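Sequences listed follow chains G and V, in order.
Counting with my numbering, you get residues 1 to 335 for the letters of the first sequence.
Counting with my numbering, you get residues 1 to 348 for the letters of the second sequence.
Hints should not be assumed to be uniformly reliable.
Now the in silico label distances, taken between C-beta atoms and shown as ranges [stated by the list, open to error]: (1) A299/V / F161/G: 11 to 21 Å; (2) S316/V / L205/G: 38 to 48 Å; (3) G229/G / L33/V: 20 to 30 Å; (4) G130/G / A17/V: 48 to 58 Å; (5) P305/V / V30/G: 30 to 40 Å; (6) L60/G / V158/V: 28 to 38 Å; (7) G306/G / S316/V: 28 to 38 Å; (8) P39/V / Q267/G: 56 to 66 Å; (9) V297/V / G33/G: 35 to 45 Å; (10) T209/G / P305/V: 48 to 58 Å; (11) V99/V / F177/G: 52 to 62 Å; (12) T209/G / L118/V: 45 to 55 Å; (13) P225/V / G29/G: 37 to 47 Å.
To be clear about the criterion: a stretch of chain V counts as covered by chain G if any three or more of its residues have a C-beta under 8 Å from a C-beta of chain G, and this derived list gives those stretches [claimed, not checked]: (14) 140 to 153; (15) 328 to 336.
A few chain G positions that, by computed beta-carbon distances, are all more than 10 Å from chain V [as the list claims (entries may be wrong)]: (16) V184; (17) G186; (18) L189.
Keep in mind the hints are simulated off the structure, nothing from the lab.
Small disclaimer: the values here were computed from a predicted structure and weren't measured.
For every residue, glycine included, the Cβ atom is placed at its ideal position computed from N, Cα and C.
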Amino acid sequence: MSETAQRAALAPEVSPPQKKDRGFLGRAGVVGGVLVVAIVVALLQSGSGLVVWQSVVTGLLTGGLYGLIAMGLTLIFGVLDIVNFAHGALLAVAMFISFGMVQATGMHPYLTLVIAIPALFLIGAAVHRGLLSGTGGSSLENQLLITLGLSLLLENGLLMFFGAEPKTIALPGDFQFPLLGAVVAGSRLYAFLGAILLGALLYWLLRRTRLGTAIRAVAAHGPGAELVGINVRRIHTLTFAIGTACAGAAAALAGPLVTVTPTLGEQFNITAFVVVVLGGMGNVVGALVGGLLIGLVEQLTTIYLGGQSSLLGVFVVFILVLFLRPQGLFGRKAA
Amino acid sequence: MSTITIAGPAGAEKVKAPPLRPQNRQLAILAVLVLIAIPLPLILPPAQGAVAVRILIFLLMAVGWNIMSGFGGMFSFGHAAYFGLGAYTSAYLLVKHNVSPWIGMVAGMAVAAAAAVLIGYFSFRYKLQGAYFALATFAFAEMLRLVVTSSAFANKAVGFTVPLIPDSSLWMLQFEADSPAYFWVALVLAGAAVAISIVFLHSRAGKYVTAIRDDELAAASLGTPVMRHKLMTVALSAAITAVAGAFYTQYYLFVNPELGFGSAVSIQAIVPVVIGGIGTIWGPVVGAIIVGSLTDVTATLLRTPPEFLGFLQGRSGLDVVLYAVLLILIVRLLPKGIVGTIAARWRR
Numbered sequence: 001m002s003e004t005a006q007r008a009a010l011a012p013e014v015s016p017p018q019k020k021d022r023g024f025l026g027r028a029g030v031v032g033g034v035l036v037v038a039i040v041v042a043l044l045q046s047g048s049g050l051v052v053w054q055s056v057v058t059g060l061l062t063g064g065l066y067g068l069i070a071m072g073l074t075l076i077f078g079v080l081d082i083v084n085f086a087h088g089a090l091l092a093v094a095m096f097i098s099f100g101m102v103q104a105t106g107m108h109p110y111l112t113l114v115i116a117i118p119a120l121f122l123i124g125a126a127v128h129r130g131l132l133s134g135t136g137g138s139s140l141e142n143q144l145l146i147t148l149g150l151s152l153l154l155e156n157g158l159l160m161f162f163g164a165e166p167k168t169i170a171l172p173g174d175f176q177f178p179l180l181g182a183v184v185a186g187s188r189l190y191a192f193l194g195a196i197l198l199g200a201l202l203y204w205l206l207r208r209t210r211l212g213t214a215i216r217a218v219a220a221h222g223p224g225a226e227l228v229g230i231n232v233r234r235i236h237t238l239t240f241a242i243g244t245a246c247a248g249a250a251a252a253l254a255g256p257l258v259t260v261t262p263t264l265g266e267q268f269n270i271t272a273f274v275v276v277v278l279g280g281m282g283n284v285v286g287a288l289v290g291g292l293l294i295g296l297v298e299q300l301t302t303i304y305l306g307g308q309s310s311l312l313g314v315f316v317v318f319i320l321v322l323f324l325r326p327q328g329l330f331g332r333k334a335a
Numbered sequence: 001m002s003t004i005t006i007a008g009p010a011g012a013e014k015v016k017a018p019p020l021r022p023q024n025r026q027l028a029i030l031a032v033l034v035l036i037a038i039p040l041p042l043i044l045p046p047a048q049g050a051v052a053v054r055i056l057i058f059l060l061m062a063v064g065w066n067i068m069s070g071f072g073g074m075f076s077f078g079h080a081a082y083f084g085l086g087a088y089t090s091a092y093l094l095v096k097h098n099v100s101p102w103i104g105m106v107a108g109m110a111v112a113a114a115a116a117v118l119i120g121y122f123s124f125r126y127k128l129q130g131a132y133f134a135l136a137t138f139a140f141a142e143m144l145r146l147v148v149t150s151s152a153f154a155n156k157a158v159g160f161t162v163p164l165i166p167d168s169s170l171w172m173l174q175f176e177a178d179s180p181a182y183f184w185v186a187l188v189l190a191g192a193a194v195a196i197s198i199v200f201l202h203s204r205a206g207k208y209v210t211a212i213r214d215d216e217l218a219a220a221s222l223g224t225p226v227m228r229h230k231l232m233t234v235a236l237s238a239a240i241t242a243v244a245g246a247f248y249t250q251y252y253l254f255v256n257p258e259l260g261f262g263s264a265v266s267i268q269a270i271v272p273v274v275i276g277g278i279g280t281i282w283g284p285v286v287g288a289i290i291v292g293s294l295t296d297v298t299a300t301l302l303r304t305p306p307e308f309l310g311f312l313q314g315r316s317g318l319d320v321v322l323y324a325v326l327l328i329l330i331v332r333l334l335p336k337g338i339v340g341t342i343a344a345r346w347r348r
């Protein structure tokens, strides 16, 4: 594949005819409409408003976490053009860091945030400097393969050292509270609030700080950014590190919600990719909104099909978006 | 390369034999390799024989993936779909209807090729390229895994166990446990796959396909039927991968959703080709031998680890760690793979 073809492949210029484009509000309306229909169908299927309401609440709360994970992934894509297959594995690494800290020191799980975030930031920086930096001009396949190799390495490294048996991170003083009939676990609510807060922080960082401006400049046009004196390589490393730190944050927040296994990153990775495509590759706000949507889709699929198939709905949405609107629902390009 | 014999100068003793066309030269090399491989199971200890069979399964998968992603430039992340369809179709026909695995294999090839054409048609129609195409193929494979896991038709998460028959039978593709026959069958299948990939690459269709890979717009503007050749390529690739799946099931006598459609299967199809060299004839062969032997080395290492690796005893994951390291090193240091790099040096 030629260089230009690759660029085109990474950022397909699919611009539908102007009159067909409904605009941002129109698209949001369509999405909202589809959601309403989906919820009504779920209501008919289950026959219980309470079940559906519970799903909607759970879906949205989980979706916040998906959003945070996907924000990191989409940031890396938007700025570096790297489809990072190791994102989920890095998340798993962070979970084991969190688990290890709780085990070793008995500290509160959320306190591990202050370790997981910087640790993953440093790991991200090291990974970029050591493995990915300098492959900027090389083929898409090579970057895919390096991150794929890295994810295999991390996952199986964890498997070797910690074994496959699932572990749990208990949240001391976790509680359940009712929300208009639905029951919400405190840990889920905290995770959601934390994810939204950190997501907002990242948005502020990108929009309101010099670093953020530099990152957006590099995303918009690397050579131009270089010309005005921005150290593009440094920005790339920082961006990759920040993106990875998002996974670290999500891991510490999600720890009490999941059983920790070396391969748990895989599923988050898949979901995060779907969210990224849904929100528009490189679009940080889109990632957060997409996360909420995918959280809902997952829960509603469980109502339709039951049990193990929650991912099936996610994939159906994924394929539809890929085919019909590959630039994502909200269609802006860069962060 | 010319095939016309040019007579030597008058009076010359020997008329130089015409050089073989590259296609025939590669087929000749293949024939020699197969001939060398035939006695292997008689020489090797049984444990090594199993490794040799595994290498041939890797080889089939690698050749299949290489046709689509190497020659065709369509980077697939979902070859597990075709492997799984091959495995499940043959297993289903055998278990439920007692159909010979050979017929099951052909049926599996047809099913996988049809699925590939369908997936390919939509992907190309909507112009999915690069990362988007890779992610879409991945999604299709995962969807198949989930569907199979939840459908009673395919025994849900349990999968299929191939029933044992009392006697060896080529028709039922079942022999005694350590019989060299498994190796020979796999060798014939893998040899045929490599031969097909050689013939395909040098055929008119193959030339179209590589032209489309190198510059689709230019190829299309010169009148290449792009869609038809892309679909032909994915169908061929899927069919070969399905053979690997069908043989796998018969050899290990078992398949479940994870073994058939899991993402690890897709990775197993990709890694040997990357190590050997994407888009080369011999890359998959070299890669499969390396990856296949590696899995044996690590298995031995885990069973009886040396002193300093004692903590590894009984742990899983080492094999994948090793080939992940190999994968990263090859991509960083020899981006064209082993065969690709050697070929590039040779030409210089």
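Verification of the supplied hints:
{"no.": "1", "hint": "A299/V / F161/G: 11 to 21 Å", "in the structure": "holds (19 Å)"}
{"no.": "2", "hint": "S316/V / L205/G: 38 to 48 Å", "in the structure": "holds (40 Å)"}
{"no.": "3", "hint": "G229/G / L33/V: 20 to 30 Å", "in the structure": "violated (58 Å)"}
{"no.": "4", "hint": "G130/G / A17/V: 48 to 58 Å", "in the structure": "holds (52 Å)"}
{"no.": "5", "hint": "P305/V / V30/G: 30 to 40 Å", "in the structure": "violated (59 Å)"}
{"no.": "6", "hint": "L60/G / V158/V: 28 to 38 Å", "in the structure": "holds (35 Å)"}
{"no.": "7", "hint": "G306/G / S316/V: 28 to 38 Å", "in the structure": "holds (32 Å)"}
{"no.": "8", "hint": "P39/V / Q267/G: 56 to 66 Å", "in the structure": "violated (47 Å)"}
{"no.": "9", "hint": "V297/V / G33/G: 35 to 45 Å", "in the structure": "violated (57 Å)"}
{"no.": "10", "hint": "T209/G / P305/V: 48 to 58 Å", "in the structure": "holds (50 Å)"}
{"no.": "11", "hint": "V99/V / F177/G: 52 to 62 Å", "in the structure": "holds (58 Å)"}
{"no.": "12", "hint": "T209/G / L118/V: 45 to 55 Å", "in the structure": "holds (48 Å)"}
{"no.": "13", "hint": "P225/V / G29/G: 37 to 47 Å", "in the structure": "holds (41 Å)"}
{"no.": "14", "hint": "140 to 153", "in the structure": "holds (count 7)"}
{"no.": "15", "hint": "328 to 336", "in the structure": "holds (count 4)"}
{"no.": "16", "hint": "V184", "in the structure": "holds (28 Å)"}
{"no.": "17", "hint": "G186", "in the structure": "holds (31 Å)"}
{"no.": "18", "hint": "L189", "in the structure": "holds (29 Å)"}
When the structure is compared with the earlier hints, violations turn up for hints 3, 5, 8, 9 and for no others.
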